[in-house]
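With these hints in hand, go ahead and build the complete structure from the sequences.
What follows is each chain in one-letter form.
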Amino acid sequence: MAITKPAPIGADSHEPPGHDPELQEVDQKHEQHEKQKHEQHEQQKHEQHEKHEQAAGGPRESKSPLVLTMLLLLLVLLQGPIRGALSAPVMQSWMTVFVAVLVQALPFLVLGVLLSAAIAVFVPASFFARALPKRPALAVPVAGMAGAVLPGCECASVPVAGALVRRGVTPAAALAFLLSAPAINPIVLTATAVAFPRNPEMVLARFVASLLVACVMGWLWQRLGRTDWLRLPERPQYEGQSRGAAFWGSVRHDVMHAGGFLVIGAMAAATLKAVAPASWLRTAADNPLVAILALAVLAVLLSICSEADAFVAASLTQFSLTAKLAFLVVGPMIDLKLFAMQAGTFGRGFALRFAPATFALAIAGAVLTGAVLL
Amino acid sequence: MNRQAQAAVLFLTGAALLHAGLTNLYLRYVKAGLQPLLLLSGGVLIAAALATVWYEWRGRKGEAGNLPEEGHARGDDGQAHSDDGHGHVHHETRVSWLLVLPLLALILVAPPALGSYSAMRTGTALQQPFGYNALPATGPLRLGVVDYASRAVYDHGRSIDGRQIKVTGFVALDHGGRPYLVRMALNCCAADAQPVKIALTGKIPPVLQPDKWLEVTGTYTAERTKDPVNNGPIPYLRVTAATPVPTPKDPYDESWNN
Chain A
170 MAITKPAPIG
180 ADSHEPPGHD
190 PELQEVDQKH
200 EQHEKQKHEQ
210 HEQQKHEQHE
220 KHEQAAGGPR
230 ESKSPLVLTM
240 LLLLLVLLQG
250 PIRGALSAPV
260 MQSWMTVFVA
270 VLVQALPFLV
280 LGVLLSAAIA
290 VFVPASFFAR
300 ALPKRPALAV
310 PVAGMAGAVL
320 PGCECASVPV
330 AGALVRRGVT
340 PAAALAFLLS
350 APAINPIVLT
360 ATAVAFPRNP
370 EMVLARFVAS
380 LLVACVMGWL
390 WQRLGRTDWL
400 RLPERPQYEG
410 QSRGAAFWGS
420 VRHDVMHAGG
430 FLVIGAMAAA
440 TLKAVAPASW
450 LRTAADNPLV
460 AILALAVLAV
470 LLSICSEADA
480 FVAASLTQFS
490 LTAKLAFLVV
500 GPMIDLKLFA
510 MQAGTFGRGF
520 ALRFAPATFA
530 LAIAGAVLTG
540 AVLL
Chain B
27 MNRQAQAAVL
37 FLTGAALLHA
47 GLTNLYLRYV
57 KAGLQPLLLL
67 SGGVLIAAAL
77 ATVWYEWRGR
87 KGEAGNLPEE
97 GHARGDDGQA
107 HSDDGHGHVH
117 HETRVSWLLV
127 LPLLALILVA
137 PPALGSYSAM
147 RTGTALQQPF
157 GYNALPATGP
167 LRLGVVDYAS
177 RAVYDHGRSI
187 DGRQIKVTGF
197 VALDHGGRPY
207 LVRMALNCCA
217 ADAQPVKIAL
227 TGKIPPVLQP
237 DKWLEVTGTY
247 TAERTKDPVN
257 NGPIPYLRVT
267 AATPVPTPKD
277 PYDESWNN
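So the sequences go chain by chain: A and B. In short: position in the first sequence from 1, add 169, done, that's our numbering. In short: position in the second sequence from 1, add 26, done, that's our numbering.
Worth flagging that the hints you see were computed from the coordinates, not collected in a lab. Be a bit skeptical, because a hint or two may be false.
To be verified - Sample of chain B residues facing chain A (criterion: CB under 8 Å; computed from the structure):
1) Q32
2) A46
3) L64
4) A77
5) L125
6) P138
7) D218
Ideal Cβ positions, reconstructed from N, Cα and C, are used throughout, including at glycine.
The following block contains the structure:
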């Protein structure tokens, strides 16, 4: 148990291990004593519940409400100086974008989290077995098309895809859903049509290219993906709890967890928006191939909500339509915010392999579709 | 982070979203259409916080009563396991602490809407509109920055030539000190906000502070310039008078959303 750890560590740091028999003996006694104490805890569960939690979670973890209160108090007291430091235009612009990304993304994250909790608690696993074709190769395009019914931006699709994998949906299909949902739902396609009033073919191109890339990624995962890459973080067991407890437990866990990673992504996006100069784009627009790459990279860095990215793409007037298509296909599939959230939901090893593959395939898909349709 | 702290962060985040959504604070960061979703998600977060506290409390009371039945024992085992302090859970809970940052930024600082700093780093986002609304036949015209700029550039000022025009926006100065009247146009949130700029000429006030909001009265002029950032077109407005005004309720131009 965690409580026994400090003693051996302390001994190690003072003396080489095993040199002082007396100290070891003391340690052992100490350990035994703690064990006995712990058993007592188990017997008198109610009274000792808090101490038990302390022993299990480590002393620092159990102090978190205190830490939180102190932190808040300190910040309230130091408001003046902090405000002064934050009043520089760069910092203000950074903070505005940071807060804006979160205020915009949180409602969609909450929507996705509610949906994922509902899937985890109320939808039986057998439902997905019946709804999706048995063969994974067929399940991938079906799941990809199903992405069209989740009206929201990319923040909602990550927790939902996580819940699908936990519910026994084949990962290839869940990943196709993860990639297609933010790009091909009706809200996003309507926004694209409004942003490109003179190029209605852009809507079709976006739909086709996004669905294509999502399906290819799904099939690719089915061929090459290994289950040990996909490490879903452990979460509390919900069996034996009432449905309400399980539902709210899942909501709490997902918001705290995915929310933390969303903050990382928002910080990265705000830094780029506030610091990186926009003028380098002008030089990139001259070469058609560089232009496509530049806009794909920009889509990753800016991390704009997929409901709004069409308007930003439309304003990049000096770029070709194919380059804009690359921006629209890459953005909803992979960006800084999404990468952080995927790493949190599916594990870092997964995200490090999945993100570059998605990026490369999304560009290829956009160029291919652009050559045919635009 | 243990359950109580998680409940506290959830509650505060929900309360901050409700606060932002119920006042005009949210308009500094996102489009007006997002208000219902903001309020809803704030409510859900508060409910999650209350549910966490409630189940925690009931769990303890249940354990106090009778000796654990099968179900309870299992649930508790799962909890003990997940709080056991091995790497994964620690990593996870540490990430959750980051949620405190936006909370502090929103409650304590409440950063202002994007202003001249962002506007001068980004090229004008003026685009040719579908068409133009009919304007009142007489009296001074009250136009938005986007409306004036698109009529001046793409309609060659046909509908506004010779009329007295009033435009509201904030001041931005470029490197040479040339003044612009700017409004940020927004589609979803401030991360995608883009400026639309009008260059000022004529009777410009002697001292111009960047980010100060002005109501400028003036007339159309055919003169134009190019945005140094993206070569986009920027029309001029010949100023006859300028009065300082407070920051409008919605600092962004959302005309593209409709």
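Hints, one by one, checked against the model:
For the restraint placing Q32(B) at the interface with chain A, the shortest Cβ-Cβ distance is roughly 5 Å, inside the 8 Å limit, so the hint holds. Nearest Cβ of chain A to the Cβ of A46(B): about 7 Å, under the 8 Å cut. The hint holds. About 6 Å separates the beta-carbon of L64(B) from the nearest beta-carbon of chain A, less than 8 Å, and the hint is met. The restraint placing A77(B) at the interface with chain A holds, with a minimum CB-CB distance near 4 Å, inside the 8 Å limit.
With a least beta-carbon distance of about 5 Å to chain A, the hint placing L125(B) at the interface is held under the 8 Å criterion. With its C-beta approaching chain A no nearer than about 6 Å, P138(B) sits inside the 8 Å limit, and its interface hint holds. At a threshold of 8 Å, the smallest CB-CB gap from D218(B) to chain A is about 4 Å, leaving the interface hint in force.
Of the numbered hints given earlier, the model fails none.
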